[in-house]
Amino acid sequence: MARCRSGVGDDWPSRSRQRVRQVLVASQIALALVLVVSAGLLGRSFQKLRAIDPGFNPTRALTFRLGLPDREYSTRRSVVATHHAILERLAALPGVTATSASTCLPLAEEGWCYGSPLRVHGRPLPKNELPPTVAFRAVAGGYVEAMGMRLLRGHGIDRSAVERSEPIAVINQALADAYFAHEEPLGTHVSIGLDTWLTIVGIVANTPFRALGEATGTPMLYMPMSVAGGPDMPASVLAGPDVGVMSYMVRSAISPRVLLPAARRVIDSVDAKLAMAQVRTLEDILDRASAQLAFTMALIAMAASLALLLGAIGMYGAMSYVVSQRTREIGVRLALGADSARVAYMVLRQGSVVAIAGMVVGLGVALAGSRVLESLLHGVSSRDPGVFMATTLALLGVALLASWLPARRASRVDPLVALRSE
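Here our numbering is used: the first residue of the sequence shown is 10, the next is one more, and so on.
Take these hints with a grain of salt, some might be off.
What the hints assert, rightly or not - Label-pair ranges, simulated between beta-carbon atoms:
{"no.": "1", "residue 1": "L376", "residue 2": "S25", "range": "29 to 35 angstroms"}
{"no.": "2", "residue 1": "S384", "residue 2": "P133", "range": "36 to 42 angstroms"}
{"no.": "3", "residue 1": "G395", "residue 2": "L195", "range": "38 to 44 angstroms"}
{"no.": "4", "residue 1": "K282", "residue 2": "P126", "range": "36 to 42 angstroms"}
{"no.": "5", "residue 1": "M398", "residue 2": "K136", "range": "52 to 58 angstroms"}
Hint data in this document are derived by calculation from the structure and do not stem from the laboratory. By construction, the Cβ of each residue, glycine as well, lies at the ideal position given by its N, Cα and C atoms.
Working from the sequences, and respecting the hints, build out all of it.
Structural data, given as structure tokens:
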């Protein structure tokens with residue numbers, strides 16, 4: 010018995026080495042928890058972002074940019090006429106249901122989408138203050154139909170209105186809420202830095218301006234591209250948008266990829282020198298808007314998976330080492346009648362203490378550092394309790410599984426073999 014006791018004491022790992030191993034494993038678990046929480050927050054944010062209603066229908070809609078050279082198309086009259094000719098021929102293609110063109114598309118980084126001072130007829134300008142600025146787009150064709158936007162009230166800007174240069178405008182809900190909260194916007198006359206007063210004829214749903222997840226939407230006004238400036242005015246002037254370069258939308262009942270060759274032939278038939286640029290679908294634009302978040306989420310998810318794997322391996326290795334060093338002690342316990350389940354519980358408890366210690370530290374770091382992600386989160390709190398709880402429980406489960414395997418092996422040790430081990 011004295012030899013057994015001496016053997017047990019000789020095989021027991023030193024406390025310092027054991028503490029170092031426990032600290033390393035706890036640190037791995039803490040790092041894994043921080044990364045898993047970050048990945049969970051970004052994943053939930055990405056899910057929320059993709060569920061946002063963009064205010065338009067992105068399916069089966071081909072888009073491309075088309076620029077008219079200033080030398081050949083020097084006046085607005087020639088520019089507008091050419092755009093109309095192209096839109097008419099595109100609309101005649103089989104399967105096409107709606108066509109339009111705009112100086113800028115939602116979520117697109119290119120195009121003329123700048124703001125301009127808004128004036129409301131009969132409303133005095135604020136003293137010693139600049140007039141409010143709203144974003145606006147010059148459009149041609151049936152823009153609301155081609156974009157698949159929801160028309161809330163009134164009517165949109167159709168092709169005939171553009172051809173007749175009717176001074177009308179369509180506004181989005183954000184502009185109506187911001188500037189016409191206590192009055193009827195339909196029928197109201199507004200101006201956006203031009204000499205022409207525009208009559209508001211419709212209200213459409215908000216669409217994102219530059220980024221998905223915009224909290225309230227950007228106030229936006231849509232006007233016929235033929236209204237800004239006179240017909241003989243240069244196509245690009247400071248008094249209005251540059252309509253020489255437009256973004257086309259072609260909505261069809263067939264795949265946009267199938268429609269593309271026919272669309273190219275239409276452009277060539279009008280002017281063979283014109284070249285389509287930035288050819289893509291509205292779905293591509295929508296996917297690109299969330300690409301940065303998706304890329305960041307993927308990187309952190311990969312790092313979290315690696316940290317989780319290393320943490321599990323570290324936990325398994327540490328507990329396996331403890332079991333190997335305590336084999337003689339375990340054999341003595343079993344020989345003296347100890348229950349195998351209790352032996353397994355002893356090992357599992359030691360692993361749980363290390364795991365919980367690491368998770369406590371990891372939770373503290375995650376709570377303190379989650380604010381770094383706030384600029385990337387949409388519709389999700391940086392301290393979302395659901396994410397923190399789910400990731401903590403998941404990591405605890407992984408740690409317990411990594412500890413359970415050595416604990417299970419310890420409970421099946423043969424006492425005779427264990428007592429003979431050196």
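Structure-based check of each hint:
1. L376 and S25 have their C-beta atoms about 31 angstroms apart, which keeps the hinted 29 to 35 angstroms range intact.
2. Here the CB-CB span from S384 to P133 is close to 39 angstroms, well matched to the stated 36 to 42 angstroms.
3. Under the hint 38 to 44 angstroms, the C-beta atoms of G395 and L195, about 43 angstroms apart, fit the expected range.
4. Here the CB-CB span from K282 to P126 is close to 37 angstroms, well matched to the stated 36 to 42 angstroms.
5. Distance hint for M398 and K136: a CB-CB separation of about 54 angstroms, consistent with the stated range 52 to 58 angstroms.
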